[in-house]
Amino acid sequence: VTGTSVGDRIGVAVTIPPLQEFVQRVGGDLVDVTVIVSQGDPHESRLTSGQVKAVAEAEMYAKVGSGIEFELLQLDDLLETNKDIVLVDCSEGVELIPMDGEHNGESGSPDPHIWMSPPNAAIMVRNICDGLVRLDPENRDYYLANRDTYIQELEDLDGRIRQSLAGVSKRTFMVYHPSLGYFAAEYGLTMLSVEEGGKEPTGDLTRTIEQAKENDITVVFTSPLSDPRPAEVIASAIRGEVRYIDPLAADYISNMRAFLDTLLEALE
Amino acid sequence: MGREVVRLEDVWVRYDGVPVLEGVDLTVEDDDFLGIIGPNGGGKTTLLKVILGLVRPARGKVWVMGKPPRMSRHEVGYVSQHSLFDPDFPASVWDVVLMGRLGRAGLFKPYSRTDKQKAEDALKTVGMLDHRERQIGRLSGGEQQRVFIARALVTEPKLMLLDEPTASVDPAMQTEFYELLENLKQRMAIVLVSHDISAVSVYVSKIACLNHQLFYHGSEEIAPEVLEATYKCPVQMIAHGTVPHRVLKEH
Amino acid sequence: MGREVVRLEDVWVRYDGVPVLEGVDLTVEDDDFLGIIGPNGGGKTTLLKVILGLVRPARGKVWVMGKPPRMSRHEVGYVSQHSLFDPDFPASVWDVVLMGRLGRAGLFKPYSRTDKQKAEDALKTVGMLDHRERQIGRLSGGEQQRVFIARALVTEPKLMLLDEPTASVDPAMQTEFYELLENLKQRMAIVLVSHDISAVSVYVSKIACLNHQLFYHGSEEIAPEVLEATYKCPVQMIAHGTVPHRVLKEH
Amino acid sequence: MLDALQYDFMRNAVAAGVLAAVACGIIGVYVVVKRVVFISGGIAHASFGGVGLGYLVGLSPILGAALFSLASALGMGLVTRRTRLPEDTAIGIMWAIGMAMGIIFIGLAPGYVPDLFSYLFGNILTVPFSDLVLMIALDAVIVVTVVLLYKEFLALSFDEEFGAVVGVPVERLYLLLLCLIALTVVVLIRVVGIILVIALLTIPAAVARQLTHDMKKMMVLATVLGALFAFFGLWLSYEFDVASGATIILLGGAAMLASFGFSGLRRVSGREAIVPADGGQRQDRR
Amino acid sequence: MLDALQYDFMRNAVAAGVLAAVACGIIGVYVVVKRVVFISGGIAHASFGGVGLGYLVGLSPILGAALFSLASALGMGLVTRRTRLPEDTAIGIMWAIGMAMGIIFIGLAPGYVPDLFSYLFGNILTVPFSDLVLMIALDAVIVVTVVLLYKEFLALSFDEEFGAVVGVPVERLYLLLLCLIALTVVVLIRVVGIILVIALLTIPAAVARQLTHDMKKMMVLATVLGALFAFFGLWLSYEFDVASGATIILLGGAAMLASFGFSGLRRVSGREAIVPADGGQRQDRR
Ligand SMILES: Nc1ncnc2c1ncn2[C@@H]1O[C@H](COP(=O)(O)OP(=O)(O)OP(=O)(O)O)[C@@H](O)[C@H]1O
Ligand SMILES: Nc1ncnc2c1ncn2[C@@H]1O[C@H](COP(=O)(O)OP(=O)(O)OP(=O)(O)O)[C@@H](O)[C@H]1O
Ligand SMILES: [Mg+2]
Ligand SMILES: [Mg+2]
Ligand SMILES: [Zn+2]
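Chains as they are written, first to last, in our numbering: chain U, 4 to 271; chain W, 55 to 305; chain A, 55 to 305; chain P, 24 to 309; chain Y, 24 to 309.
With the rest of the complex left out, here is chain U:
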């Protein structure tokens, strides 16, 4: 849990760090954002007393809404501490896609990583803005102006990604944790992933290695949230390298830009 609400600013609690930038950019000086799952994996459910305090003190809660395990399991309990809170579901209007079919198709649950596609991020920002306006109609114009500025930046990012990828012929990349499903779908790429359901990799690492070789993969992306060693095993088997991508970074736009650069290198 990071951040605290001070003075008469609106306290907003959000589930994951990228939402912090979304809310902060829309709310500007009028909001104070607290990230609930700032440490650890939102795919696990670890409720701490800090989170309890943060939610109790917030006026608005922005949830991802796409079926992140933490929200599925803990959010109802958390919100119980604050019955008057304004709950914003950021995924409203986002078209959910099923989890990476090859591995997890049978469970049929949606891929929760909606924010990793900038157009989805724009939808989420709109939802957040609507929530802030509902809560604080007096500053409606301020919020709308901020929203539009930020959405413009997101659109720039989107354009830049499309442009950069336009000339690239290699369209397949590999990531340890399948967090880039929406990104791949949006930009016509194919994501190969290693991990299944957050469990330790097993002997099917060999299949993944073969897959990587077939697709001429040279970079394995992984996140700081995952055990680096399986990615290293694959990278060394294909004589490639491991690159880090943090799907949970708080500085969303610059993080995505940096990711784009490494992705381009990987697709060379």
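Calculated from the structure, these hints are not laboratory results.
These figures come from a predicted structure and were not determined experimentally.
Think of the CB as a built atom: it goes at the ideal place given N, C-alpha and C, for glycine as much as any other residue.
Please note that the accuracy of each hint is not assured.
[What the hints assert, rightly or not] Listed next, the in silico SDA-like pairs over lysine to any residue satisfying Cα-Cα at most 20 Å (straight line):
#1 K239(P) <-> G191(W)
#2 K121(A) <-> M242(A)
#3 K115(W) <-> R57(W)
#4 K56(U) <-> L171(Y)
#5 K163(A) <-> F263(Y)
#6 K239(Y) <-> P164(A)
#7 K239(P) <-> S166(W)
#8 K212(A) <-> P73(A)
#9 K239(P) <-> V170(P)
#10 K86(U) <-> A27(P)
#11 K202(U) <-> F263(Y)
[Claimed, not checked] Which bits of chain P does chain Y cover? Going by a derived footprint, with three or more residues having C-beta under 8 Å, they are:
#12 82-94
#13 110-123
#14 153-160
#15 225-237
#16 264-271
Knowing the structure of chain U, use the given hints to seat chains W, A, P and Y with the ligands on it.
Okay, now just chains W, A, P and Y with the ligands, sitting in the frame of chain U:
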């Protein structure tokens, strides 16, 4: 003359295939005070456990008060050779003595007034009533032994089985203890296992020697040859030449 | 007459504040065969442990071969009262006997040819050479005891401490064992703790009675009064009236 | 802390702490005096197999844990009593096999296993009301059983052989006791997790033992101590935003060290001398 | 499987399995015959505190684990030998406190703790080459120490008192043995994880004990068995796509049950009768 309280017929016990009791026949009547002597590993403790139904013989029949041993346990008192317990165990003397009433009180029920009265009487008998609140592990070995005897007494047994009850008791206390037995033997049959041939020969009314097989001597004198057969060695080693006589009773 | 191998001066030992040895003075010379008798808990085992340096006295001085006990351990052989070990332990008779050479062989080094030769001799002495490959836990109690005696012998001790070595040994084996001691006493000083007053009085050359205090009798006869003082009870209980005499030696 | 108590689930957490303290106070005393700490630990770890099975077949993991812990209680009871396997080896192996089964089951289960961590390490903050009801029921079972069979359990713990002689069905009672331990483990999993259950069973009883020689008083004291550890552990973890189960255990551990340090000091100063010089392998009079 | 061996990581895994088997074969024999299964389990779990500390202060977690496991080895050795705390209670408490410290440290550590689970459950498939070097070094330490002190460790395990009498520094050797166990635990953590270490230490030695009475042969056999369990466990886990550490343990467990079942049967048919009727609390001759 008395009523038969224990009857063993051709009892065999093996541990891991090694026979410990070999065709033991034994009869104890309700006015008997039977002493059992024999070398280490001769099967004395095992014999008592057979009578208690703790060890089932491989062959042979056992009756206690005319019933199978496990049916008549509540009429049998037992003081075991080793009371292995944790010296820090959170139980008082009183708790321990009351355990003797477990079989009478019955599952799920608390101890009755009678149970407590009997426990008090038994503690008085062994002279430990003053120590009833003491933690059992904090008593000396001899005091503990008295408590265990009291625990065996409260069952109001018709048969009392004592397995080397004086081994951890000092000689002064031993004398007292044998005097206690002198009283008890009016009320119940007693079987006493002991290495202390002299004490046994002084106090008991019958002697049996056990070394896998039982040499039962009823109330006759024990001839040196019998002892030799039991211990399989010159008797001199055990009782330095002079076999304990009945005569010692008059000491 | 002989050289002094053990000297205790005013040794006190307390466990948790309770005195177990009270001002014990003792001298053992290199041709002594000292028997120590005394009631349970009298402190016999403790006294041996003091001589071995396993228990440090609260007060008093101890010399073994003129040195502190821990310095002269390699010249002392010891057979303990209880050899507590796991019957499934993966060690052969040979392994166990060689342990007696640990102090001589030194850390980090394997056993030498001499060590192995001594072990063989010791096993021959106790008549267990044929069993050298057997697993120790699979031997009978008496056989195990012989192995432990061999283990004590291979240290080539000048002083042998035996703590109730015949307790788990049957009478037949006991006789053999005492005959073995008869031979050994030519070569070393022996201290034998035993409850078996008769055996002690038959074989030993000096007797001491230990009941917290030590009543050391040199090589004189033990008077009944002395035994009474030691055991704090009528001697009749222990030896039915007739105190074991030296006379028994002639049996 | 007091302001936190306005929230339902904080009150639930406190209630869960107290209910757990009752179970571990009463059963923990038996665990400590009958020296079945490792059997209890084994039961707790084996229950992980049930958690995994729950995920795999879509059952409630806590139900799976209850099944596995009861089965392993009976298994360990019978194996350690009826066979000649060295007890520590047998328990250690069953312990690890239960855990390994859990891991395999979880690996086979579809999708994410999000609250695995909470089964391993517990989270008193997320005890749902339904679990409180379960805990009350289990506490009631434990209390009623122990009240009805107090004297038998005392005899069982003190001297099984004599118990058998006077006609107490010791083996069945022993298995019953292990089953009660299994139920307690299930109750405690929510609070401190599988891995730390062993501590909550042991620490309050071990501290209580330092303070009294009477088993009934020990149970009451252990319950009170357990409730105090739970309450203040919760408070500390709330104030410092750290894991609650671990804080409860560390608090208990500190209390334990304090009480043993204290009685240790008393003992050292009381004994005057006697250093069991090296090789004086501690002789357990048991 | 054979085709899988073309991959580096599979070859590393096999090598890690064999290196682990050497450590656990040799040290496991001492663990089993000296009956320190639970002390070993305690050391393993306490090492989790070091993993947490590593994350907290930015040290290598495996180094932290090594420090904590050595410290807890010495701590448990001294506490169980020098104090009068009941051994099971003392070990259980230290065990849980180590774990609880790990959890708290990890909670306090900044950022993510990515491979927590791999410390708990291990993953032989991702053992990097650098770890293999570490394992070779530790195996060398273990083998050299045991070769040099074989006769002393034998005496220590068999009869400490006599060892002391003939002048072996038993306490120091005992602590050294516990430290070797601690090192072994560190080696094994990569392979099967903290929670399953106890099994890999115990199972091969326990099975080997069924087959021989000679300690040296036991060590060789346990090593061979451990390597076989690791190899075939790896194979099975590869074929069926399940967790490798857990599969290795389950395979060992099955072998164990088979061997004990077999010797149990032999024993039952040999004994003819004697059922220790209820109350015949198993009398450990130890
Ligand atoms: N539970 C058991 N399992 C295997 N063997 C046993 C068991 N109990 C006793 N024995 C063996 O059976 C034999 C007889 O034992 P028992 O205890 O009946 O002898 P005892 O006459 O009472 O000896 P002591 O005088 O030493 O008390 C001994 O060799 C002993 O080792
Ligand atoms: N390690 C110990 N800690 C506390 N008390 C002890 C310890 N060792 C022995 N004692 C006590 O010291 C007293 C003397 O014990 P010791 O073993 O020396 O007696 P003993 O003469 O050898 O008796 P026995 O004939 O039964 O072998 C006993 O009361 C015993 O309980
Ligand atoms: Mg006996
Ligand atoms: Mg002694
Ligand atoms: Zn994710």
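Annotated coverage of the segment 153-160 of chain P by chain Y, confirmed only when three residues or more have a Cβ within 8 Å: violated (count 0)
Chain Y covers the segment 110-123 of chain P, three or more CB atoms within 8 Å, holds or violated: holds (count 11)
Pairwise hint evaluation, S166(W) against K239(P), where the allowed Cα distance is 20 Å at most: OK: K239(P) and S166(W) at ~18 Å, within 20 Å.
Proposed proximity, V170(P) with K239(P) (alpha carbon, max 20 Å): holds, 10 Å
Whether chain Y covers the segment 264-271 of chain P (at least 3 residues having a Cβ closer than 8 Å to its Cβ atoms): Answer holds; 6 residues pass the 8 Å Cβ test.
Pair hint K239(Y) and P164(A), alpha-carbon separation not exceeding 20 Å: Roughly 14 Å separates the two Cα atoms, so the pair holds.
Hint consistency between K86(U) and A27(P) [alpha-carbon to alpha-carbon, up to 20 Å]: The given pair, whose Cα atoms are some 15 Å apart, holds under the 20 Å limit.
Restraint check for K202(U) with F263(Y), where alpha carbons must lie at most 20 Å apart: Judged against 20 Å, a Cα distance of about 15 Å means the pair holds.
Straight-line alpha-carbon gap K56(U) to L171(Y), limit 20 Å: violated, 59 Å
Given hint F263(Y) paired with K163(A) - CA-CA distance at most 20 Å: Violated, at about 49 Å.
Hint consistency between K212(A) and P73(A) [alpha-carbon to alpha-carbon, up to 20 Å]: Violated, at roughly 30 Å.
Claimed coverage, the segment 82-94 of chain P by chain Y - three or more beta carbons nearer than 8 Å: violated (count 0)
Hints 4, 5, 8, 12, 14 from the earlier list are contradicted by this structure; the remaining hints agree with it.
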